[in-house]
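S.K.: Please work from the sequences and hints to get the whole structure.
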Amino acid sequence: MRKEHEEFVDSFEGQLPPSIIAEIKDTCPASVTKEQLKEIVELTLGLYKHCRVNAGECVGLVSAESIGEPGTQMTLNTFHFAGVSEMNVTTGLPRIIEIFDAQKEIKTPMMEIYMKPSHNDLEKVKKFAIKIKEVVFGDFGAEYVLNIFEQSMTIKLNKALLSERGLSSKDLAAAVKVKSKGFNMEVGNDFLTFVHKGKPEEIRQLYDLREKMRPVKIDGLKGITQVLPVKRGDEYIILTLGTNLEAIFEYPEVDISRTMSNDIHEVYNVLGIEAARQAVINEVFKVIESQGLNIDIRHIMLVSDIMCITGAVKGITRYGVVSEKASVLARASFETPIKHLISAALESETDRLTSVVENVMINQPVPLGTGLPGLITKLK
Amino acid sequence: MYRLEAPEIPPGKIMALDIPKHTLVPVHSKVSDNEKEKVLSALQATTTQLPKIYKDDAALVKLAVKAGDIIKIERKSPTAGVSFYYRVVIDG
Chain W
4 MRKEHEEFVD SFEGQLPPSI IAEIKDTCPA SVTKEQLKEI VELTLGLYKH
54 CRVNAGECVG LVSAESIGEP GTQMTLNTFH FAGVSEMNVT TGLPRIIEIF
104 DAQKEIKTPM MEIYMKPSHN DLEKVKKFAI KIKEVVFGDF GAEYVLNIFE
154 QSMTIKLNKA LLSERGLSSK DLAAAVKVKS KGFNMEVGND FLTFVHKGKP
204 EEIRQLYDLR EKMRPVKIDG LKGITQVLPV KRGDEYIILT LGTNLEAIFE
254 YPEVDISRTM SNDIHEVYNV LGIEAARQAV INEVFKVIES QGLNIDIRHI
304 MLVSDIMCIT GAVKGITRYG VVSEKASVLA RASFETPIKH LISAALESET
354 DRLTSVVENV MINQPVPLGT GLPGLITKLK
Chain B
1113 MYRLEAPEIP PGKIMALDIP KHTLVPVHSK VSDNEKEKVL SALQATTTQL
1163 PKIYKDDAAL VKLAVKAGDI IKIERKSPTA GVSFYYRVVI DG
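For the record, the sequence lines run as chains W and B. Numbering of the first sequence is given in this note's numbering, commencing with residue 4 and proceeding in unit increments. Numbering of the second sequence is given in this note's numbering, commencing with residue 1113 and proceeding in unit increments.
Calculated from the structure, these hints are not laboratory results. There's no promise every hint is true.
Calculated from the model, a selection of chain B residues having no Cβ within reach of chain W, i.e. all distances over 10 Å [to be verified]:
id, residue
1, S1141
2, V1151
3, S1153
4, P1163
Straight line, CA to CA, 25 Å or less: simulated BS3-like cross-link-like pairs of lysine-lysine [what the hints assert, rightly or not]:
id, chain 1, residue 1, chain 2, residue 2
5, B, K1188, W, K28
6, W, K119, B, K1174
7, W, K129, W, K225
8, B, K1142, W, K107
9, W, K182, W, K130
10, B, K1174, B, K1142
11, B, K1178, W, K317
As the structure is a prediction and not an experimental result, all values here were calculated from the model. Ideal Cβ positions, reconstructed from N, Cα and C, are used throughout, including at glycine.
M.R.: Structure follows, in structure tokens:
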């Protein structure tokens, strides 16, 4: 296409979306004349305006139905990662509910860690994966020996794990020092012995000590319980169970620009509200795609825009976006009506009856479609 | 008029500067005071009606913003190519 023609098409920027402008440029043959091009663009513009959502169209309702109907066909299953028996992933309806409710604790928090090109060979990736995996004190205990006469407990340490992490028994002793208050500790080369200070009481206390020390974090990143290096395309990435975006970003080996978490709240805290919005869309779309359903992405975009409109991620629950509604009757019509009505009465709230649900309740025209103009024209 | 300094980044938080490079984060830019009116009249909206963004949002780490500023966001959209979205900064 000639330059002046391109400029002509570009002049419609603002009236046509960039993707359509690019498409006109791509598909028009070079032989097109100025008059023909003008006709093409004007026809496109007419069609585009015709396709746009009209003022007063109830897009939220359309989205709700468009997501809700295919949602009934989703499976309730989780699926397994090929090859790794313990890694389950929440998908299907439970995952959709998790995302749209913006739940703080998700069932299977996961990360995909991308590495910088300089660190992208199998050995380095494997080594890094081992490094970030969280190990707790309990992982090091190979054998527990209780001596009832002396009221002592000896923990034989897993030497292989110690050398893999480059730690010694002294490091472990230092980590559990606070937790083992009230016990004398004897540090050996590959064992730790605990003896009760003062008069020995019950053997139970030694069991309690063991349970107390087990979850103490020794090495790695908090929350990352499993790691799995896999090949994706030409490069190796690490899938993890458990997420900790903030900590993983501190490593220089990690490609920050592509590393993702599936925890929406964590994405929000680390990357901001716009990233959280995009993460909601991506995560929902992933589920829908994996289920072989067909939902237009615009519906999901609308829902996720609403979830992120206040600057923080709010779920579609009575504590989230519904609590932001101005109308008492609208809030009451969602869940727990009596609670809302009583608190509204106590605070003497006013309902301006400006939205849909409350007008349905009082049998008045709803401000949608042809019922809307009364709201946007000044009545005298 | 006082000049706003770019927010200070605590030591050890070098990665905060890389946040805007993340693929999930679209380009954020501040709408200048002159253009504010133009944006608002094009949207037929007032500042309070715009979607919000907290002042301490991670994506704003390189911008010096104060409450009331308008942030222009260039989203990559699968349907429109690029779409522009506006948020008003609020105190968090």
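S.K.: Would you mind marking each hint as holding or not holding in the structure?
M.R.: Checked hints:
1. S1141: The claim stands: S1141/B keeps its Cβ more than 10 Å from every Cβ of chain W (closest is about 12 Å).
2. V1151: Non-interface label on V1151/B holds, nearest chain W Cβ at 13 Å vs cutoff 10 Å.
3. S1153: holds (14 Å)
4. P1163: violated (5 Å)
5. K1188/B <-> K28/W: It holds: about 19 Å lies between the C-alpha atoms, which stays within 25 Å.
6. K119/W <-> K1174/B: Holds - the C-alpha atoms of K1174/B and K119/W are around 23 Å apart, at most 25 Å.
7. K129/W <-> K225/W: The given pair, whose Cα atoms are some 18 Å apart, holds under the 25 Å limit.
8. K1142/B <-> K107/W: violated (31 Å)
9. K182/W <-> K130/W: violated (30 Å)
10. K1174/B <-> K1142/B: holds (11 Å)
11. K1178/B <-> K317/W: holds (23 Å)
Of the numbered hints listed earlier, those contradicted by the structure are 4, 8, 9.
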